[in-house]
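Asks: Letter by letter, the chains look like this.
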Amino acid sequence: MAEGPLLDAAMIETILLTLKLAGVTTVVLLLVGTPLAWWLSRAGGLWKEVVATIVALPIVLPPTVLGFYLLIAMGPNSPLTAILGRKLSFTFEGLVVGSVIYSLPFVVNPIRNAFEAMGPRPMEVAATLRASPLDAFFTVALPLALPGLFTGAILGFAHTVGEFGVILMIGGGIPGETKVLSVTIFDYVETLQWDKAHVLAGGMLAMSFAVILAMLLVERRLNRARQ
Amino acid sequence: MSGLRLEGVANAVLAPLDLTVRPGEAVAVLGPSGAGKSTLLKIVAGLLPHRGRVLLGGGELTGLPPHRRGIGYMSQDLHLFPHLSVANNLHLPLVFRGLDRAARAARVAETLALCAIDHRASRRPASLSGGERQRAALARALVCRPRLLLLDEPFANLDHATRGALWREVDALRRRLGITALIVTHDPAEAAALADRSVRIADGTLTERTAPSCSPSMTTPCCAC
Chain A
1 MAEGPLLDAA MIETILLTLK LAGVTTVVLL LVGTPLAWWL SRAGGLWKEV VATIVALPIV
61 LPPTVLGFYL LIAMGPNSPL TAILGRKLSF TFEGLVVGSV IYSLPFVVNP IRNAFEAMGP
121 RPMEVAATLR ASPLDAFFTV ALPLALPGLF TGAILGFAHT VGEFGVILMI GGGIPGETKV
181 LSVTIFDYVE TLQWDKAHVL AGGMLAMSFA VILAMLLVER RLNRARQ
Chain B
1 MSGLRLEGVA NAVLAPLDLT VRPGEAVAVL GPSGAGKSTL LKIVAGLLPH RGRVLLGGGE
61 LTGLPPHRRG IGYMSQDLHL FPHLSVANNL HLPLVFRGLD RAARAARVAE TLALCAIDHR
121 ASRRPASLSG GERQRAALAR ALVCRPRLLL LDEPFANLDH ATRGALWREV DALRRRLGIT
181 ALIVTHDPAE AAALADRSVR IADGTLTERT APSCSPSMTT PCCAC
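Protein chains in written order, with our numbering: chain A, 1 to 227; chain B, 1 to 225.
Possibly wrong hints are sitting among the right ones.
Cβ-to-Cβ under 10 Å is the rule here; a few derived chain A residues that face chain B [as the list claims (entries may be wrong)]:
1. 121
2. 122
3. 125
4. 128
5. 130
6. 131
7. 133
8. 136
9. 139
10. 146
11. 208
Okay, the calculated beta carbon distance ranges per label pair [unchecked claim]:
12. B:77 with A:39: 35 to 43 Å
13. B:126 with A:189: 50 to 58 Å
14. A:133 with B:127: 27 to 35 Å
15. A:211 with B:130: 33 to 41 Å
16. B:105 with A:47: 42 to 50 Å
17. A:212 with B:113: 42 to 50 Å
18. A:223 with B:8: 42 to 50 Å
19. A:189 with B:127: 51 to 59 Å
20. A:173 with B:122: 50 to 58 Å
21. B:58 with A:138: 33 to 41 Å
Reference listing, derived: stretches of chain B covered by chain A, where coverage requires no fewer than 3 residues with Cβ under 8 Å from a Cβ of chain A [said to hold, decoys possible]:
22. 44 to 58
23. 92 to 103
24. 152 to 164
Since the hints were made in silico from the structure, they are not lab data. All figures in this text were calculated on a predicted structure; none of them were measured in a lab. Backbone N, C-alpha and C fix where the C-beta goes; we use that ideal spot for every residue, glycine too.
Let the sequences and hints guide you as you build the complete structure.
Replies: Here it is in structure tokens:
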């Protein structure tokens, strides 16, 4: 084991960047994923299945395939770049967009399941109690789906922290901009700095365990509070 | 007090039917399971599309969304919101109605006392007994002082003694508040206890109109006795 502090400045910068990416991505995922999950839980017809398939694609696609298409979509010659006036590839904003798309099914599916498990009756009852559809959504549907929202947020956060392939494809490893934990660990292993790789990998393992345990405990508490 | 009039109301389950409920009157809708009783109530509440007209107090309800109908609705499964206390279950419709905090608190306290559930105001629905949950759901349906109260098999899940006690209390409360009511039940004794008269639906058709019949299990005397 090399001497010196357990975490050097570069490692701390990487950890903070990873947490910032996961935090911003989770907020965007909840803002985008919740209405999408609501629509998927209530809509019918072929369009619903088409949209559900698109949302689920990141589960089955190799990250390199998704990363490749995102790289093209965010590259210097893409229509998106022309519209925005600047390219998103190899930027923090680009990582957020890629992470949102990559983690979308892990957030949308638990929220959608929570809305579907609720059924139509609570919304009907709220309507007879003078709630407009928007009132009913915010005061009845969202609180009832809270365990699903919580699970989705945790999964989205953890999945973003552990993301590697997509990040490498669209972000590379620019220190302070796109070099997140998973990429840093890969670099340490490649350059045979196993002690540093151990510190970061062990930290991620412990964090993942703690996050999933916390999720299960909070879910159990939420369910008990309602029984 | 507002009277209810249904003119040619129909959908895929119900054949066209006409029904008038006078202001302050309670009418029971009797019939076997699957006859269309609950469908009729959902149409009046605005929860199902239909043909024909629904009028309340002379005003047209047809086409109005449920939250603009001014109707209280209590179904068999109650659906008290589990994430809210009993008191907050009652606060919610008053918030939607736009009452200020003081007015809401006064109305909630009054309604909880009327329904004899004020001692459970701070409890969550899951911690209440069956009878207490029925009282809480009834209080929530009444808290906005609706022009029309719809009760769908309201006490079906209760034991005989609790049902009898609640029948008496609900009937007295409804008369005191002067609320017009449409009550769905398959139990003639419940119809007799809660309603001034009853109609019968079978296979989606309104087949007969009767005065409530007396039954040995009735807990309140009816007009025909």
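Asks: Hint by hint, note whether the structure agrees.
Replies: A quick look at each hint next to the structure:
At a threshold of 10 Å, the smallest CB-CB gap from residue 121 of chain A to chain B is about 5 Å, leaving the interface hint in force. The beta carbon of residue 122 of chain A comes within 6 Å of a beta carbon in chain B, closer than 10 Å, and the hint placing it at the interface holds. With a least beta-carbon distance of about 4 Å to chain B, the hint placing residue 125 of chain A at the interface is held under the 10 Å criterion. The closest approach between the C-beta of residue 128 of chain A and any C-beta of chain B is roughly 4 Å, which is under the 10 Å cut-off, so the hint is satisfied.
Residue-level restraint check for residue 130 of chain A holds (minimum Cβ-Cβ distance to chain B is 4 Å; threshold 10 Å). Restraint check, residue 131 of chain A versus chain B: the minimum CB separation of about 5 Å is within 10 Å; hint holds. For residue 133 of chain A, the interface hint holds, since its Cβ comes within 10 Å of a Cβ in chain B; the closest pair sits about 8 Å apart. Using the Cβ-Cβ criterion of 10 Å, the hint placing residue 136 of chain A at the interface with chain B is satisfied: the shortest such distance is roughly 8 Å.
The interface hint given for residue 139 of chain A holds, since its Cβ lies 6 Å from the closest Cβ of chain B, which is under the 10 Å cut-off. For residue 146 of chain A, the suggested interface contact is upheld, since its CB lies about 7 Å from the closest CB of chain B, less than 10 Å. Restraint check, residue 208 of chain A versus chain B: the minimum CB separation of about 30 Å is more than 10 Å; hint violated. Take residue 77 of chain B and residue 39 of chain A: their Cβ atoms lie about 26 Å apart, and the range 35 to 43 Å is violated.
About 51 Å separates the C-beta atoms of residue 126 of chain B and residue 189 of chain A, a value consistent with the hinted range of 50 to 58 Å. For residue 133 of chain A and residue 127 of chain B, the Cβ-Cβ distance of about 30 Å falls inside the hinted range of 27 to 35 Å, so the restraint holds. Residue 211 of chain A and residue 130 of chain B have their C-beta atoms about 40 Å apart, which keeps the hinted 33 to 41 Å range intact. A C-beta distance of roughly 46 Å is found between residue 105 of chain B and residue 47 of chain A, which places it inside the suggested range of 42 to 50 Å.
For the hinted restraint 42 to 50 Å between residue 212 of chain A and residue 113 of chain B, the CB-CB distance of approximately 47 Å keeps it satisfied. Checked against the hint of 42 to 50 Å, the pair residue 223 of chain A and residue 8 of chain B passes, with Cβ atoms roughly 47 Å apart. In this structure the hint that residue 189 of chain A and residue 127 of chain B lie 51 to 59 Å apart at CB holds, the actual value being about 54 Å. Separation of residue 173 of chain A from residue 122 of chain B is about 55 Å and conforms to the stated range, judged on CB atoms against 50 to 58 Å.
The beta-carbon spacing between residue 58 of chain B and residue 138 of chain A, approximately 34 Å, falls within the hinted interval of 33 to 41 Å. Counting residues of the region 44 to 58 of chain B whose beta carbon lies closer than 8 Å to any beta carbon of chain A gives 3, which reaches the threshold of three, so the coverage claim holds. Given as covered by chain A, the region 92 to 103 of chain B passes the check, having 5 residues with a CB less than 8 Å from a CB of that chain where 3 are the minimum. With 0 residues bearing a CB less than 8 Å from a CB of chain A, the region 152 to 164 of chain B misses the requirement of three and the coverage assertion fails.
In summary, the structure is inconsistent with hints 11, 12, 24 from the numbered list given earlier, while agreeing with the others.
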